[in-house]
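Kindly generate the complete structure, drawing on both the sequences and the hints.
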Amino acid sequence: MSNVFMGMPTLPVFGDGNLHIEEPFPAAAHRELGNTQMRANLRHATHTIRDKRLKVVAELPDWEQLRDAGSATKNHVMANLPALLEEFETNFTARGGIIHWARDAQEANQIVADLIREQDTTEVVKVKSMATQEIGLNEYLEEQGISAFETDLAELIVQLGHDKPSHILVPAIHKNRTEVRDIFLAEMPNVDPNLTDEPRLLAMAAREHLRRKFLSAKVAVSGANFALADSGTLAVVESEGNGRMCLTLPETLITVMGIEKLLPTKDDLEVFMQLLPRSSTGERMNPYTSLWTGVTEGDGPQNVHLVLLDNGRTAALADKYGRTALNCIRCSACMNVCPVYERTGGHAYGSTYPGPIGAILTPLLTGIKSEENSTLPYASSLCGACYDACPVKINIPEILVHLRGEDVDSKRGEKKLPSQMDLMMKGGAWAFSSGKHLGLLEKGLPLGKLAGGRDKKIKRLPGIAAGWTQSRDIPAPPSQSFRDWWKKDHEPVAPINEQEKLTK
Amino acid sequence: MSAKEEILSRITSALRDAPTPGPVPREYRTVSDMPEAELIELLVDRLEDYKAHVDVVEAADLSATIAERLKDASSFVVPHGIDGTWLADAAPAGDARRRIDAPGAVLGVAELDGTDAVLTSSAVSIAESGTIVLDGSGDQGRRAISLVPDHHVCVVPVSSIVRLLPEAMQRMDITRPLTWISGPSATSDIELERVEGVHGPRQLDVIIAKGL
Chain A
1 MSNVFMGMPT LPVFGDGNLH IEEPFPAAAH RELGNTQMRA NLRHATHTIR DKRLKVVAEL
61 PDWEQLRDAG SATKNHVMAN LPALLEEFET NFTARGGIIH WARDAQEANQ IVADLIREQD
121 TTEVVKVKSM ATQEIGLNEY LEEQGISAFE TDLAELIVQL GHDKPSHILV PAIHKNRTEV
181 RDIFLAEMPN VDPNLTDEPR LLAMAAREHL RRKFLSAKVA VSGANFALAD SGTLAVVESE
241 GNGRMCLTLP ETLITVMGIE KLLPTKDDLE VFMQLLPRSS TGERMNPYTS LWTGVTEGDG
301 PQNVHLVLLD NGRTAALADK YGRTALNCIR CSACMNVCPV YERTGGHAYG STYPGPIGAI
361 LTPLLTGIKS EENSTLPYAS SLCGACYDAC PVKINIPEIL VHLRGEDVDS KRGEKKLPSQ
421 MDLMMKGGAW AFSSGKHLGL LEKGLPLGKL AGGRDKKIKR LPGIAAGWTQ SRDIPAPPSQ
481 SFRDWWKKDH EPVAPINEQE KLTK
Chain B
1 MSAKEEILSR ITSALRDAPT PGPVPREYRT VSDMPEAELI ELLVDRLEDY KAHVDVVEAA
61 DLSATIAERL KDASSFVVPH GIDGTWLADA APAGDARRRI DAPGAVLGVA ELDGTDAVLT
121 SSAVSIAESG TIVLDGSGDQ GRRAISLVPD HHVCVVPVSS IVRLLPEAMQ RMDITRPLTW
181 ISGPSATSDI ELERVEGVHG PRQLDVIIAK GL
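Read top to bottom, the protein sequences are chains A and B.
Going by my numbering, the first residue of the first sequence is number 1, and it counts up by one from there.
Going by my numbering, the first residue of the second sequence is number 1, and it counts up by one from there.
These aren't lab readings, by the way, just hints derived from the structure by calculation.
All of these numbers come straight from a predicted model, not from anything done at the bench.
Where a beta carbon is used, it is the ideal one built from N, C-alpha and C, also for glycine.
One or more hints might be untrue.
Among chain A residues calculated to face chain B with C-beta under 10 Å, some are [to be verified]:
no., residue
1, Gly-34
2, Ala-58
3, Thr-73
4, Arg-117
5, Asn-176
6, Ala-206
7, Lys-266
8, Thr-281
As structure tokens, this is what we get:
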């Protein structure tokens, strides 16, 4: 297939799965903010990780050069994606791996379920994977009578607690150690009833719980952090060894990976394996990284599959301002530094991808018009901390503003009558177009002072301006405008053109 | 249209107005010249930070150090290609504690689970990040043997230590099954605080061997 575009442009095909938020972000955030325990947990965890990240990043004299290389490499990958995908497929297949292509979540889920059934089993072990979370694989497998056991500690906490992930790296970040212990005591079979909340003992309880599953599983499902086109190699980065267990012991390994995860060569891996661990867990290197290239005789799974997933990625790629969101390597540094995320937590974003990256990636994958996803680009103060922290320099604030524009544009013309926003903008344009107009408007100031009441604060503005006063008061306006005060307090000054005459 | 054709066509359509990106700048460090003693010091510092136990020994003392590290193990597995002289003290010929894993004579998962420790060599190590790379060669064995036993004793020949990851990449055969190990198994999943010891080996002993 040629890489040169010949035909008619096709309309973007958006993704589905756990990406559509049902509740507008402001409403969800309002509810989540009421959970003071969760806010305390998040504050503790995000501040811990921020400090660690800064310390290990400062150790590298070439951190900015690595970011530049990482960013440019990802741009290169996106621009050459068809050729790189074909190259990867050729190499992976030549080494005994089997590639499947999935247009959307449903197709990917079906492929995985069919592959599991081929192995005559109804149980699989899973390595933490954002792609399978995004497509809702566990839920789908359950409908098909297949049990998927999450083996990452945080995913296990979420699964046992019948909860939802709230962070892409540490899905149970909203739970503290005591809450984790309580979940284990209530849900983990054969757990020691004297289990304390010491993290080391909680980790050991998880080890006991999953050991037999690892040793007996016939099929494992994983994601992938990177795929190298020129060798057909896949990489999984992890900490606990659950990844190694899943990638090594079962006979069959099924990996689900977004098409954007490719890197051209192993020279690129050296960049990303410096950027990723330092940005995500704040470590110089994560405890374990596994790389495999198809099938290796006598070592690890002999039945190796890869599902390449679109699910809206091509739609994101078609957005010329938003496409760099696909450069994301899922490190989670942006959410760890985000003042909004730190307070609302991940659940408020309603999608598999929370935080600043989620606020752009989710609507890019689904389209801005999908359900309540148009509210996500507003989940930001545009402070730019995410852009500073991003190891591949995704300009998240710029894309947030772009998507806000998309949202406003998409709603224009939907209603016959102009919206409140349209009227306000029109009114603003009129008021500021001449001094006379503004002066006329300023005559209304004493009225505003009246609305402020005795404490000189306005607690509730009408219409869409109510959003402003939802969580803060506005001081009542003064009784006279600056311009009025100036006029009364200063000698009249000749207009500028008069002054010019005088100086000549 | 097959799924593959359709996805590739969607990508091509999506990229029709995309600018050609510039070349990838590679201004980051790819070479270094750190003296051997400093390389060793850096690697030891990083590994100890991960809570690994580290010995630095002369080649002549390697066998005795291995024996010391394995003294509490009631059984241990070695890959078929391990240097026999390394085991002179730990497992003299015929020692029942030693289990050999070899192609055609592999140990089952249950047997590995019932084995206390594993001894392997390593392919290359990165001092700056405290990372040891295993590549499945005969002296390192297949991936399962360095994973299932709870105690991993790993020999790092000094000649295999480099400072930077890019230097290590030059020495790796990327198509081999690779495992990069940076300390014992750990997790940061509870309150983002690191604790050692989950599913992989909870004890990692590294023996850095000079003259090898």
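Hints the structure violates: just list their numbers, smallest first. 1, 2 and 4
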